[in-house]
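Enquirer: What follows is the residue order along each chain.
Number of protein chains: 2
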Amino acid sequence: MSPEEFRRRGHAVVDWIADYHSRIESFPVLSQVQPGQIRSMLPAKAPEQGEAFDKILSDIDRIVLPGITHWQSPNFFGYFPANASGPAILGDLLSSGLGVQGMLWSTSPACTELETHVLDWLVPMLGLPEKFLSAQSGGVIQDTASSATLVALLAARERATEFASNSKGCDGRLVAYCSTQAHSSIEKAVKIAGIGADNLRHIEADENFAMRPDALARQIESDKKAGLLPCFVCATVGTTSSNAIDPVEEIGRICQEHNLWLHVDSAMSGTAALCPEFRYINKGVEGADSYCFNPHKWMFTNFDCNCFYVADRKHLIKTLSVLPEYLRNQATESGAVIDYRDWHIQLGRRFRSLKLWFVIRHYGVEGLQHHIREHVRLAQQFAAWVREDLRFDLVAPCELNLVCFRLREGDSANQQLMENLNKSGDLFLTHTKLGEKFTLRFCVGQTNTQAHHVEKAWQRIQEEAAKLGNS
Amino acid sequence: MSPEEFRRRGHAVVDWIADYHSRIESFPVLSQVQPGQIRSMLPAKAPEQGEAFDKILSDIDRIVLPGITHWQSPNFFGYFPANASGPAILGDLLSSGLGVQGMLWSTSPACTELETHVLDWLVPMLGLPEKFLSAQSGGVIQDTASSATLVALLAARERATEFASNSKGCDGRLVAYCSTQAHSSIEKAVKIAGIGADNLRHIEADENFAMRPDALARQIESDKKAGLLPCFVCATVGTTSSNAIDPVEEIGRICQEHNLWLHVDSAMSGTAALCPEFRYINKGVEGADSYCFNPHKWMFTNFDCNCFYVADRKHLIKTLSVLPEYLRNQATESGAVIDYRDWHIQLGRRFRSLKLWFVIRHYGVEGLQHHIREHVRLAQQFAAWVREDLRFDLVAPCELNLVCFRLREGDSANQQLMENLNKSGDLFLTHTKLGEKFTLRFCVGQTNTQAHHVEKAWQRIQEEAAKLGNS
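Order-wise, the sequence lines are chains A and B.
The first sequence: position 375 = 385 (this note's numbering), numbered continuously.
The second sequence: position 237 = 247 (this note's numbering), numbered continuously.
A hint or two may mislead.
Any copy, or any two copies together, can satisfy a pair, since identical chains are not distinguished.
No more than 20 Å apart at the CA atoms, straight line, and that leaves these computed lysine to aspartate or glutamate pairs for EDC-like [what the hints assert, rightly or not]:
1. 65 <-> 376
2. 55 <-> 376
3. 65 <-> 29
4. 447 <-> 399
5. 433 <-> 343
Please keep in mind that the hints were generated in silico from the structure rather than gathered at the bench.
Chain A on its own, in the form it takes in the complex:
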């Protein structure tokens, strides 16, 4: 495709996306297709001859759109958001257009230096400790919080075994800790890292679904007495189920006492710290060895973009560094540059800081704060409505943008309510279990969600609840 054809086709694709966002509320939020329905519209074989671009693009409407669950709809309240924005999409487009590899500083210095710089910007923006600045250690963009947890765990594993696990393999004695409410990626990470799921302790949570530090301390002591080697704690600031905030400061003290690596997973809620009034969520993060949050969840930066910081980068780099001859170069050997390939699982890496840079510059700090405040305000408003409606209970504290609630009836009524709402296509929300009970989650975080979307959602929830009550 020549540059001139790219220009023409590119304009058409941009127009398609602009139109899609204009009409996004006309689609059912949750895709209504059946398994196999999308595939049944696709030809069994790849075409021998090239096809016209117009035809390819028109298949987005015909084939793809029916199979889309519209994460960018302002009526999407499910899971955690994966929000995006114009500047992010266009920054990412530039990254695709430049098509560089950032595995080494030398393979595109701007890719490394802009990333280091923007991650430094975020440290004071979020009120994070200065030890995360690149002058002292630094940050890196990972794809997801799952990968951030994994590399934090690996660095912890190696620090605890003085790099013996890297050379000889694990020996079954390492132990890791998180709360019963922590994300499933921690269990996945301990499996991947050769530590084993049996050696992950799920520490009990308190009535607010936050980790109990006394229980953590007791478990660590018991494991040490049993001859095991505790190495890693993952504390969560904003759990997936209920947005619970673990007591990071107390957990940090325990980690320091026992020399455990503390990783703070703030994937969703970390963005709230942009606003001084919510910055309390970072209390205790100064005691963390690593920290991450996802601009691709709630900071208007399209997937994938996880910002991961370490307090002492040498453990991380020594854990993940392998330097074959074909990657040697003068800049690396001078020691004057960062080579991010040593900071994550993959070797190749995309120029992901461009989209983050575009977002921060387009909104400015004040613009970002404005949208976060508005999302929190809308969630709080929704929680207040739930609180006033005698048919419903609020099931967990609601401090930020996630509301956990349920009908006072049994699990099946709640499940039915959720299914009826999602089937209607008017909005989309998902569930969890809290205290063994089926609980609805309503998360406000999509870029374009406004007051009237939340109002209408609550109205629809009330209507569907009433229908259930009458049946």
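Add chain B to chain A, keeping to what the hints say.
Expert: Frame of chain A, contents of chain B only:
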């Protein structure tokens, strides 16, 4: 940013990319900046107020471009290519615009089904065994070959230990195998997986830098006698150093005999199998438990896009599956759908098959074949010129698109030649060591590389070699 502003800004960004590709040959291929130079142009703090989009976009020229090594230049012959194309960039743009998560079938059925379907298309396109089709097992898009190797190794680890490593952790007895020429990601993977670098055997290579199966068999037997548990072999079809092709068929027989998992890493060269005349490189792949190649290297699909296939998906899924309540849904529980989150490290996933679908449809199979053939022809032409020039030696067999060569003088002359060429900005090439000797690598694979680029590159190499000879 409103849809209408997105439309306007989006056109400007598309225009910028079209212009960039039109003038790409006017830039030095290798960025000429010094460490810290890009950062010194960036303000110390993020802006408080949002900035105008025009200003942000103009900084791409002012700040970013000097720090770019132009991987998309037709004069880029370094490393392996990370090529791209118009349809890929636009497919990826649509993925950003749709902004969906594909972690579960239900979170956007089209994202899962299109991926499954396009990966099925590629099986006959590359002459891969039918056991890789989704009807029997299936494929998935990973970010990189590093991740593909890692998940293959993990599945191998669990198959060998009957899932005990996942639950209890590794015990130091597992052993993995690759050749001395295999990619560094395998060493990284054995470290990550808790197997340990000491338990990765680098099997000696023959005079063509391919793994010696007799040496592999001996090593496996010796490890078994020592009470160890051999579990995994990575064979490479097209090594990074020299494009060497391991004897997959013989390696497969050995793996079968000893019940080892065979992973075939065809990251770079796999694409060549699009052409029937090069399909011999897949000889023996029918004995593999898993296989991968990277459309983001040589198949015009921008990073990241690695196609990974398994012969029996149940080991992979059982190894990586963790199902928390908040991800439960009817479609998953019906068993009628694929949830790709169980096929890789991350939970979140982008709609990456769109770009691959666009590329295959835009070029058609014949179009893809045409470009691959042309790249191979140009590399062979280059190799012929090297062969005829008495100052140079060809250092490795050249079957496809990589030429390994060196001046007959010592290492320092070759290093100087490479540095002078790269400093000139006229072309970019990189090095490796083969038989302990500093060797230049010339890889033809950038989408827009044509005969005159290769001719000019050879002319510049001759000129710089002559200058060195005279000094």
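Enquirer: It remains to establish, for every hint, whether it holds in the given structure.
Expert: Against the structure, the hints come out as follows:
1. 65 <-> 376: Close across copies (18 Å), not inside one copy (43 Å); limit 20 Å.
2. 55 <-> 376: Between copies, since 13 Å is at most 20 Å while 51 Å is not.
3. 65 <-> 29: Within one copy only: 18 Å inside a chain, 25 Å across chains, cut-off 20 Å.
4. 447 <-> 399: The answer is within: 19 Å in one copy meets 20 Å, while 77 Å across copies does not.
5. 433 <-> 343: between (58 Å within a copy, 17 Å between copies)
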